[in-house]
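Participant: We have chain A; now place chain B onto it with these hints.
Respectively, the protein sequence lines represent chains A and B.
Sequential numbering from 1 applies to the first sequence in the numbering used here.
Sequential numbering from 659 applies to the second sequence in the numbering used here.
Note that these hints are calculated values from the structure, not bench results.
Note that the structure is predicted; figures quoted are calculated from it, not measured.
Heads up, some of the hints might be wrong.
Listed next, the in silico SDA-like pairs over lysine to any residue satisfying Cα-Cα at most 25 Å (straight line) [claimed, not checked]: (1) A:K651 / A:R602; (2) B:K982 / B:A947; (3) A:K381 / B:L698; (4) A:K349 / B:D764.
Residues from chain B shown here face chain A by an in silico Cβ test under 8 Å; the list is partial [said to hold, decoys possible]: (5) V700; (6) P712; (7) G832.
In this text, a Cβ means the ideal position worked out from N, Cα and C, and glycines have one as well.
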Amino acid sequence: MSSADLAHERDLAQQRAAAQKGDLAPEHDGPRDTGLDDASLDRWLARTWQTAPGIIGALSSVDHKIVARRYLITAFFFLCLGGLSAVAMRIQLSGPERGLIGPDRYNQLFTMHGVTMMFLFAVPIVQATGIYLVPLMVGTRNIAFPRLNAFSFWIYLSGGLFAWVSFALDMAPDVGWFSYVPLSGPEFGPGKRSDVWAQMITYTEVSSLAVAVATIVTVLKQRAPGMSLDKIPLYVWAMLVTSFVIVFAMPAVMITSTFLILDRLVGTHIFNPAEGGDVLLFQHLFWFFGHPEVYIIFLPATGMVSSVIAAFARRPVFGYLGMVLSLISVGFLSFGLWVHHMFATGLPKLGASFFTASSMLIAIPNGLQIFCWLATLWDGKPIVRTPLLFVFGFFFTFVAGGLTGVMLASVPLDLQVHDTYFVVAHFHYVLIGGSVFPLLGATYFWFPKITGRIMNERLGRWHFWLAFIGFNAAFFPMHIVGLWGMPRRVYTYPAELGWGNINLFITAGAVVLFLSFVLFTINLVHSALRGAPAGDNPWNAGTLEWATMSPPPNYNFAHIPVVTHAEPLWAERDTLPVATGLRVDVRELVISTVAEAHPDVREKSATPSIWPLFAALAVGATFLYSIFSPWAVVWGAGPIAITLIGWFWPKGDPEDEE
Amino acid sequence: MLLLAGCSGWQSALDPKGPAAGELAWLIWFFTALCTAVWLLVMAVLITPLARRPAPLGDLLVLDAAAERSKMRIVVAALAATALILVGLTLLSYFANRTLAAIGSDAALTIRVTGHQWWWEVRYENDQPNRILTTANEIHIPAGEPVRLVVTSTDVIHSFWVPNLSGKLDLIPGHENVLDLKADKPGVYRGQCAEFCGAQHANMSTFIVAEPRPVFDAWLNDQLRPAVAPASGEAKAGHDLFLKRPCVMCHKIGGTIAGGTVAPDLTHIASRQTLAAGTLAMSRGNLAAWIADPQGIKPGAHMPVVGLNGDELNAIVAYLEGLK
Chain A
1 MSSADLAHER
11 DLAQQRAAAQ
21 KGDLAPEHDG
31 PRDTGLDDAS
41 LDRWLARTWQ
51 TAPGIIGALS
61 SVDHKIVARR
71 YLITAFFFLC
81 LGGLSAVAMR
91 IQLSGPERGL
101 IGPDRYNQLF
111 TMHGVTMMFL
121 FAVPIVQATG
131 IYLVPLMVGT
141 RNIAFPRLNA
151 FSFWIYLSGG
161 LFAWVSFALD
171 MAPDVGWFSY
181 VPLSGPEFGP
191 GKRSDVWAQM
201 ITYTEVSSLA
211 VAVATIVTVL
221 KQRAPGMSLD
231 KIPLYVWAML
241 VTSFVIVFAM
251 PAVMITSTFL
261 ILDRLVGTHI
271 FNPAEGGDVL
281 LFQHLFWFFG
291 HPEVYIIFLP
301 ATGMVSSVIA
311 AFARRPVFGY
321 LGMVLSLISV
331 GFLSFGLWVH
341 HMFATGLPKL
351 GASFFTASSM
361 LIAIPNGLQI
371 FCWLATLWDG
381 KPIVRTPLLF
391 VFGFFFTFVA
401 GGLTGVMLAS
411 VPLDLQVHDT
421 YFVVAHFHYV
431 LIGGSVFPLL
441 GATYFWFPKI
451 TGRIMNERLG
461 RWHFWLAFIG
471 FNAAFFPMHI
481 VGLWGMPRRV
491 YTYPAELGWG
501 NINLFITAGA
511 VVLFLSFVLF
521 TINLVHSALR
531 GAPAGDNPWN
541 AGTLEWATMS
551 PPPNYNFAHI
561 PVVTHAEPLW
571 AERDTLPVAT
581 GLRVDVRELV
591 ISTVAEAHPD
601 VREKSATPSI
611 WPLFAALAVG
621 ATFLYSIFSP
631 WAVVWGAGPI
641 AITLIGWFWP
651 KGDPEDEE
Chain B
659 MLLLAGCSGW
669 QSALDPKGPA
679 AGELAWLIWF
689 FTALCTAVWL
699 LVMAVLITPL
709 ARRPAPLGDL
719 LVLDAAAERS
729 KMRIVVAALA
739 ATALILVGLT
749 LLSYFANRTL
759 AAIGSDAALT
769 IRVTGHQWWW
779 EVRYENDQPN
789 RILTTANEIH
799 IPAGEPVRLV
809 VTSTDVIHSF
819 WVPNLSGKLD
829 LIPGHENVLD
839 LKADKPGVYR
849 GQCAEFCGAQ
859 HANMSTFIVA
869 EPRPVFDAWL
879 NDQLRPAVAP
889 ASGEAKAGHD
899 LFLKRPCVMC
909 HKIGGTIAGG
919 TVAPDLTHIA
929 SRQTLAAGTL
939 AMSRGNLAAW
949 IADPQGIKPG
959 AHMPVVGLNG
969 DELNAIVAYL
979 EGLK
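Only chain A is shown next, with the shape it has when bound in the complex (with noise of 0.2 Å):
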């Protein structure tokens, strides 16, 4: 052992004794962890950590758990909103000229498709997994701010029902999930339809950005004791990046949705050329946030793989720091390639090309995660089961989706197939192969975590193949009819160009993917009710969650573990070392240091409260309102303030009096 390993082991001993002499809290003032039994430990901790019965109780919860599992099944419901009119779309394009869906009704069918599948499945689906997961791997109680966490969902959800009402009520928004001016502005789209685009944007922006700070302070300062930075799992790295380029990406679409809301609503002319205004602004505005937007789907996915395949390899990620490096090289990056959607604007051909370059450079820190990847996979026949065929599925589409995306990278090259079903083709390989496809494994690798239950087996290998085979015929083929010249967003196409025959394929294949979905869903409740029981580590994993019971305890962990190495559990084969010290009759919580995770102070964390959920009432009804009339600023201001200050009235701890 070198002289290094040794200090190391001398600290983390001193760092133990130091939580067991209870040097966490010097003040006495309630009861402690230290030197409970398990049986009244946990019944202190279930009742201090519980969420109250009723219907109060459940709507004031804030448990991360509860919060995630709500945002989970949302999100699930709005992939089944996004996917049906996936199939809507594909049967009007399935022949030339069919009539079965009119223009105006397809328009907004496509644009409820992107809109519910970027802004109320994908980004939601992804942080709803780190609220459920990140508190858990890094061993603390419950996620930082957690009432803000609360909030975030119920404007998520309001924001969600919004979008789909107006659909119902035939005003959904009909241009496009980029919603580019003029066509979205107020000459050239008429009634509420933009607006409600507009609005949505902002109720699940506010939402998203809500999460994202609670994920990065959770990260930051709830780690366990001793989880320095390198020893944080692959998987909260990627939610801690995933979480800044959100709080640095989701501004810049509020100011393009609320610049497009104010000439629409107050006429003010940003975007209107007539008087000085811009329309490419509008772009530019749209795109620094929706390049971002694709790695806050994709770096969550790249953290999935991570921890599928460090179980069924039984070894640790390769290359640790490469990995951790490109995932914050990526997220820098993101924010360099946005006008590679702008380049057949007629922008300066340098100036392009210098986003070429940009483009293609991204392709290498990505490249290193996936030769890490396979250099795990590489020591031997990894265990095969469904979440590790997910992983291969997402290999197989995911690098195919990149390397288009090089293609799409030139200036010359996008040229001719910019706005094309080529596009659409390679989006949804990198979307679908390199986001959904890692969800669905991480959805059968940690549904054991969540209900118990292992998902069955054999129905998650059919809903593999299907959905593998399902979505390779009804997107490769997609890369051709681009070629051959057929743009995307057309709600019909004529016969002589010898479109059809293909587009019926396609429209199989989503058929197939549609139907492994059904599949899923049936292994969902299935296992949910009679699924085998999971135990708490069914797959042998490393990482923390994995130490406590299945479904987890309201209260996460008995006593907070104290961390040895990246991957804990096995390490310490045995019996993880804990921390103890912390009081038991009171929410309280490890804050510990950036850096090296040394247990700082001792912190409560927030009670149930119904406010986070009044608040939401009150921001949501503002936003509603003011896709009518910015009055409602100010007529919601009132209620929000009242709203506030009930969710932070003090409570008179100590802390709070000070």
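Facilitator: Chain B only, in chain A's frame:
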């Protein structure tokens, strides 16, 4: 591959008919071949372990140091190769862009294309004002000569794209973009709006008709003449109706008092191959159908239903049909 080559048609990036599209098709094939090779290599490395024995189950954290070091060397080498390929592709794409930019440097003909919901206004620029021609949707060019398109829009963003000849370029209100293109041989090349522009984005097509220079010159001179006078009594009635009915508010017919500019110029409408921006083939029946029920054929289009009885409709169609 056979499938791709066999089906490519008159609106396909894979069937180039001009130098720009030729350069781009070559670029597409080169990138595709290289990317396919990389993809196959990655898949081979991914699948190989599946055929091997499971690694011995020891302590999960004790790794073979020598094996890890050699892996590190391979990963670094792969990363270097990736970087090298990307640098190569970036340079390739940069030089292809320069080649494209050189195509129209000596273009003699400038055509101004303005996008409208959902049709194309086409104006042949000339130093002599009486030789400026305005027409719609169908763009005639001399084959074998570079032409310069100056593209813009007066309503929303559109994108001009004739894949057999060149890549696309957006038509943006408040901006003017320049697209140079050249057709090697005479022929008709179909194009379509490529930026979503509202209800009838799907039915906003255009045709480039490349002709030998003398044929093109004759066409241009023909188009510069005012509309022919109605030949029959029915056509004369149609002419009078056209000028009395709302048609005249939007459309122009050269040589008459019809001077509207918000809809396609109809002076030589019957000489064009299609109607309503490529939605229908030009024929007497389609003309009648389009005038009688534009909203049924192109829902959302800005052409209103003009209440006409059967005789009136026939008369107007007879008149328009004669506008060669």
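Participant: The structure should be examined with respect to each hint, and the outcome stated for every one.
Facilitator: Hints and how they fare:
At most 25 Å may separate the alpha-carbon atoms for a hinted pair to count; A:K651 and A:R602 meet this at roughly 17 Å. Straight-line distance between C-alpha atoms of B:K982 and B:A947 comes to about 19 Å, which keeps the hinted pair within the 25 Å bound. Distance hint between A:K381 and B:L698 is fulfilled; the C-alpha atoms sit about 20 Å from each other, no more than 25 Å. Proposed proximity of A:K349 and B:D764 is supported: the alpha carbons are some 19 Å apart, at most 25 Å.
Proximity of B:V700 to chain A holds as hinted, the smallest CB-CB distance being about 5 Å (cut-off 8 Å). The interface hint given for B:P712 is met, as the beta carbon of that residue sits about 5 Å from the closest beta carbon of chain A, less than 8 Å. The closest approach between the C-beta of B:G832 and any C-beta of chain A is roughly 3 Å, which is under the 8 Å cut-off, so the hint is satisfied.
Checked against the numbered hints given earlier, the structure satisfies every one of them.
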